[in-house]
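Protein chains: 2
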Amino acid sequence: MRVAIVGATGAVGHELLRVLESSTLKFGELQLYASPRSAGVKLPFGGQELTVQATPEGAINADLILASAGGSISKEKAPAWVAGGAVVIDNSSAFRYEPDVPLVVPEVNGEAALRHKGIIANPNCTTAVAVVAVAPLHREFGVRRMIVSTYQATSGAGQKGIKELLDQTRVVLGGGEAGAEVFAHPIPFNVIPHIDAFQENGYTKEEMKVVWETRKILGDDSLKISCTAVRIPTLRTHSEAITLELERPATPEQARKLLGRAAGVEVRDDPGAKLYPMPLTASGKYDVEVGRIRSSLVFEGGLDLFVAGDQLLKGAALNAVQIAEYLQEQGALKGRVAG
Amino acid sequence: MRVAIVGATGAVGHELLRVLESSTLKFGELQLYASPRSAGVKLPFGGQELTVQATPEGAINADLILASAGGSISKEKAPAWVAGGAVVIDNSSAFRYEPDVPLVVPEVNGEAALRHKGIIANPNCTTAVAVVAVAPLHREFGVRRMIVSTYQATSGAGQKGIKELLDQTRVVLGGGEAGAEVFAHPIPFNVIPHIDAFQENGYTKEEMKVVWETRKILGDDSLKISCTAVRIPTLRTHSEAITLELERPATPEQARKLLGRAAGVEVRDDPGAKLYPMPLTASGKYDVEVGRIRSSLVFEGGLDLFVAGDQLLKGAALNAVQIAEYLQEQGALKGRVAG
Numbered sequence: 000m001r002v003a004i005v006g007a008t009g010a011v012g013h014e015l016l017r018v019l020e021s022s023t024l025k026f027g028e029l030q031l032y033a034s035p036r037s038a039g040v041k042l043p044f045g046g047q048e049l050t051v052q053a054t055p056e057g058a059i060n061a062d063l064i065l066a067s068a069g070g071s072i073s074k075e076k077a078p079a080w081v082a083g084g085a086v087v088i089d090n091s092s093a094f095r096y097e098p099d100v101p102l103v104v105p106e107v108n109g110e111a112a113l114r115h116k117g118i119i120a121n122p123n124c125t126t127a128v129a130v131v132a133v134a135p136l137h138r139e140f141g142v143r144r145m146i147v148s149t150y151q152a153t154s155g156a157g158q159k160g161i162k163e164l165l166d167q168t169r170v171v172l173g174g175g176e177a178g179a180e181v182f183a184h185p186i187p188f189n190v191i192p193h194i195d196a197f198q199e200n201g202y203t204k205e206e207m208k209v210v211w212e213t214r215k216i217l218g219d220d221s222l223k224i225s226c227t228a229v230r231i232p233t234l235r236t237h238s239e240a241i242t243l244e245l246e247r248p249a250t251p252e253q254a255r256k257l258l259g260r261a262a263g264v265e266v267r268d269d270p271g272a273k274l275y276p277m278p279l280t281a282s283g284k285y286d287v288e289v290g291r292i293r294s295s296l297v298f299e300g301g302l303d304l305f306v307a308g309d310q311l312l313k314g315a316a317l318n319a320v321q322i323a324e325y326l327q328e329q330g331a332l333k334g335r336v337a338g
Numbered sequence: 000m001r002v003a004i005v006g007a008t009g010a011v012g013h014e015l016l017r018v019l020e021s022s023t024l025k026f027g028e029l030q031l032y033a034s035p036r037s038a039g040v041k042l043p044f045g046g047q048e049l050t051v052q053a054t055p056e057g058a059i060n061a062d063l064i065l066a067s068a069g070g071s072i073s074k075e076k077a078p079a080w081v082a083g084g085a086v087v088i089d090n091s092s093a094f095r096y097e098p099d100v101p102l103v104v105p106e107v108n109g110e111a112a113l114r115h116k117g118i119i120a121n122p123n124c125t126t127a128v129a130v131v132a133v134a135p136l137h138r139e140f141g142v143r144r145m146i147v148s149t150y151q152a153t154s155g156a157g158q159k160g161i162k163e164l165l166d167q168t169r170v171v172l173g174g175g176e177a178g179a180e181v182f183a184h185p186i187p188f189n190v191i192p193h194i195d196a197f198q199e200n201g202y203t204k205e206e207m208k209v210v211w212e213t214r215k216i217l218g219d220d221s222l223k224i225s226c227t228a229v230r231i232p233t234l235r236t237h238s239e240a241i242t243l244e245l246e247r248p249a250t251p252e253q254a255r256k257l258l259g260r261a262a263g264v265e266v267r268d269d270p271g272a273k274l275y276p277m278p279l280t281a282s283g284k285y286d287v288e289v290g291r292i293r294s295s296l297v298f299e300g301g302l303d304l305f306v307a308g309d310q311l312l313k314g315a316a317l318n319a320v321q322i323a324e325y326l327q328e329q330g331a332l333k334g335r336v337a338g
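Chains as they are written, first to last, in numbering that gives the first Met the number 0: chain A, 0 to 338; chain B, 0 to 338.
Same shape as in the complex, but just chain A (with noise of 0.2 Å):
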């Protein structure tokens, strides 16, 4: 099977030839694209080094396409790659609410990816983060009510997130103005409630992209789901205070109990030990972590609890990768194997 990775050299890209180094997924060939300033970078992979190619205008020599260089270079050319015969599996949010376009996070709705017709949507990274833990706790005790705020990192904004906190932090230290071009405002020691536009029902897309992608993901419209999206000065990432009001009872107990099972889950709670979910042990991490579970104040038998993921990992490479894997392991990624 030959794999090729749009956006090689983004901060996702990055984490995709790292995930896909350990990965299950067996491939022979892996081709990399980027912007044509990038043709020529050499990126290491497996003890190699893989040169990057400007990517093309037409169709890619590739059975698998990972694709994560933004909305607007997908929604052009997927199209094209599908027709030359790929699967891709898209990052950015261009066909995520196409009816036909299957949104997928293999833990929950894995069987949805096999519905594709060439192009499988990975979530937004905060729906993603969230969804892992959520997830479960709808299956046993039904989410009726979710009540997201979170706590995004800069590199959610890709590589030049994170060099404009490190680079304004530095400004700031030694005593100078922060500026802001990546943000709408400057990022360090700062909290912007502001990530990507505003909507005309005063919500950030990012606000109601957890809204339409929880609700995908889950297959069940009727779910009421608040956000509130804010950017804060940290590298990577994403943590998440959730409230959930739920159908049927649930004690803090049989929630550690059942995200204890769940795949993609690490249960980090235990408050005496200072244990709880941070991006400090939570980046780099596969699993997300979920803690601070406790009996909601405000909805009887509802629960509250805090998430913290890794968003360039499960929120992106991970997740695509996953998918790629889970097709495979239902036969339903053509090509040869090794090559």
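In case anyone wonders, no lab produced these hints; they're calculated from the structure.
On a predicted model such as this, the values are computed, not experimentally measured, just so you know.
Heads up, some of the hints might be wrong.
The list makes no distinction among identical chains, and a pair is therefore deemed to hold if it is satisfied within one copy or across any two copies.
[Said to hold, decoys possible] As a list, the in silico BS3-like pairs of lysine-lysine whose alpha-carbon atoms are at most 27 Å apart:
#	residue 1	residue 2
1	25	273
2	41	223
3	25	41
4	273	159
5	204	256
6	273	204
7	162	273
Mind docking chain B on chain A? Use the hints.
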């Protein structure tokens, strides 16, 4: 009138001096007290320099004492101060939950201060910031449920909290590994969902303070309130995402209008112009910034909003001085007006 500040060298003490300089409070003598190791320190006030003295064992010869030296000192010494004839406005949590101690935010329940028996409690900073925004909405529309997620600055742990963030951030930027003494974990580029001690119900004391104190200030024990309190790497100003279920439906326009007339609030809510509450703009400001006002997606007729308030000011020093100003305006502070 003779005023004394106990805890003058701390983060809140520093702000008390600045706020008193521009206050309408009429007073003569100002005495500064702190721990013995700070005795002799000189602090600027109104163009002069005042010398800090060690807090004495018994009474203090003052009519008004602004105490901000921590709960154990207040608990130990406030009764003697009251016995000595002073009115004590206490910034610690030592007396907040005693039924005969008023807990006061002047814009919300100033008249409660008049019923004091010597001690008036200043609320927890997170509560004070939230309640100036929520109280007008509660009066008009009736809050039923309130869900709060906080983004709290390191200065909530005092000067040493700020210092640890700055020092340890320098360590990380220099390629080292951050340590932690003030906070439970390294704070640079991290998120710590742990402020104050954990309670039996799994909530922290900081979270329960928001529950208990909001109810007491609003005078409504039926309010269902939940909080997730989170320390983030900012220097100053607590931000909060707040979701409100209301008895009578409110539109964002109604809320903006109402809050635009409310004391202590600055409506900063023009997303198209990138105007919303942020530490960057709220720090050093007396008013609490309120914005991102939008119809709730989980409670019909409810509201979502985002607030940012300088917790050293409205959350501490400013609120304490405003209580004193209110008492003096009401003729409820004794002592000569000018020394």
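Exercise for the section: Hints the structure violates: just list their numbers, smallest first. Expected result: 1 and 2
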